[in-house]
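Engineer: Fit chain B to the given chain A structure using the hints.
Residue numbers (the working numbering), protein chains in the order written: chain A, 1 to 335; chain B, 1001 to 1335.
If you're looking for bench data, these hints aren't it; they were derived computationally from the structure. You can trust all of the hints, since none of them are fake.
In silico BS3-like cross-links for lysine-lysine, where the CA-CA straight-line distance does not exceed 25 Å:
1. A:Lys51 to A:Lys300
2. B:Lys1232 to A:Lys246
3. A:Lys246 to B:Lys1214
4. A:Lys147 to B:Lys1191
5. A:Lys232 to B:Lys1246
6. B:Lys1184 to A:Lys76
7. A:Lys232 to B:Lys1184
8. B:Lys1287 to B:Lys1163
9. A:Lys132 to B:Lys1246
10. B:Lys1232 to A:Lys190
11. B:Lys1019 to B:Lys1300
12. B:Lys1163 to B:Lys1214
13. B:Lys1147 to A:Lys147
14. B:Lys1090 to B:Lys1320
15. A:Lys190 to B:Lys1191
16. B:Lys1147 to B:Lys1184
17. A:Lys232 to B:Lys1132
18. B:Lys1147 to B:Lys1118
19. A:Lys118 to A:Lys191
There are 2 protein chains.
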Amino acid sequence: MHVAVDAMGGDRGAVIAVKGAIAAARNSGVEIALVGREDLLVSEIKKLGGKGLPIKVYPASQIVGMSESPAESLRKKKDSSIRVAFELVKRGEVEAVVSAGNSGATLATAMIVLGRIKGVRPAIATLIPTLKEPAVLIDVGANVDCKPHHLLQFGIMGSIFSKEFLDRQNPRVGLLSIGEEDTKGNQQVKKAYDLLAASDINFVGNVEGRDVFKGDVDIIVCDGFVGNICLKLSEGLAEAVITMLKTEIEGNLVASMGYTLARSAFKRFKKRVDYSEYGGAPLLGIKGIAIICHGRSGPKAMKNAIEAAHRLSSLEIATKLADSISKRSDILKIA
Amino acid sequence: MHVAVDAMGGDRGAVIAVKGAIAAARNSGVEIALVGREDLLVSEIKKLGGKGLPIKVYPASQIVGMSESPAESLRKKKDSSIRVAFELVKRGEVEAVVSAGNSGATLATAMIVLGRIKGVRPAIATLIPTLKEPAVLIDVGANVDCKPHHLLQFGIMGSIFSKEFLDRQNPRVGLLSIGEEDTKGNQQVKKAYDLLAASDINFVGNVEGRDVFKGDVDIIVCDGFVGNICLKLSEGLAEAVITMLKTEIEGNLVASMGYTLARSAFKRFKKRVDYSEYGGAPLLGIKGIAIICHGRSGPKAMKNAIEAAHRLSSLEIATKLADSISKRSDILKIA
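With the rest of the complex left out, here is chain A (with noise of 0.2 Å):
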């Protein structure tokens, strides 16, 4: 099998795991592994006409609550639908896992199970949307409390996944600060700053937040607390500025005439902003593949992270991190 999928976690049911392996399977022919409750899933997978697909269902007891400790689930809950799917990625059966439940015990859980590449902070990347092409952030939530030579690790690996993932030839990576001399930020980031100017990467200097969206660079890095908050910060404002540009047209009966012919257009521009394109997160920096869900996903973003999760496999991008790292004395020396 490809892709084992966390077909318990989400904020949506099963059924959204099941919708998205079918989508997957039949679209790229991507052999998955659906873990959870084996009667529940067997009769979704028939109920939605997933019978000939190369899905197979495997039964995990438990479930892992989206609110739930990841310290306790991992103590506790050993038969979990995303620790089963992180063994059978350590057995060998299957290549990488996707998850749209609770990310903290999908990060541990990968930590403990797969582990972590020698040398490095796994991170949270993801694409978001720019005015030109999608942009890496990282990191967006695995690492809180970051010293400098963190994210002179997040840069190399989100260098690499920006080059073999969205074929960018030497990819410019910035550092989010608050200015762009090298005098601006805080304690943190003024290290940092140095750490990945001497580094080997193509380091274009710091990236202010109004920047972020312009597209002029391939990777922005920054600590998992404050890369959390910005990816957050911008799914809230999208839909503010959305809300409150329909409530303006709406109160208008000459704007709202306009409005209705303009849907097709703020249709296609939604596309372009929403997070289900691109279909969940890679954690970079453990011994594997895992992607890392919104819970709110819907068919459309699993079956997008199903995919994604096989081409990270064929790529073995984790391999690539592993060996660029182990051969690298600028992060090993410090780490």
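Structural biologist: Showing chain B alone in chain A's frame:
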């Protein structure tokens, strides 16, 4: 005089400050000290029809550049327009300062010339639009490396500002973090959570990035590094969303007709998210009133900032902050 305006700051030249001053003087009779190159300002006032209004020019021979080091400007430019403006407050000739110039230099000069209120770190508060009423985001750049008790101070100062300036009763204070539970966040934020929860302000818990624009809290507390990134990210994203939307709409003839009809709604919407409506960000925690404006401010933003500065001084906000802080054992104990 009521308000001193640093007429040489900002990206767009002295004409912006002069236009803003004329509009404020005409609109609300506020008396203005325009500080900068005397010949230039006198001629601009005359040219723009400001004669007869309560506007007086105060000469300053030096200008602090937008990217100049604040420390160096303090050392070398004793006769800068920023410095002279604050000296006017110090001597009691005006009540407040407004500047769209180098914000680091404005901040540093305010601290040196006026001094800080005992027990607190001054912070920059800004109003952000939400789906309901505007909220206060504090700090947006004065303190890039904060201790947990600084975040407590920002919550207290933001609370007083919200109550006095925005007439909010018992304003709700939220702490910007990556999850709602008190266990979510980095070390700094988790400790700040406990301090805020133990204080007597109306602390309602963590606010996630995606909830910032919902308008369910009146004050959002964060360190100046995170706050500055969030502020600029929001500006950049709002601009990017509108650009993407226009591109989408322009590519389609039918939608384009719709867009023409919807344009008036777009304009009202832009007004709602436009920072210039709020006219700048007050620096709270100094012994006096200072408003820091966006470098790109236009005349309207300057006018609104001048009127806001006058109102803050009429409300005696600096005295109220100092009084309130002097009574707080929770702040003074830690500081």
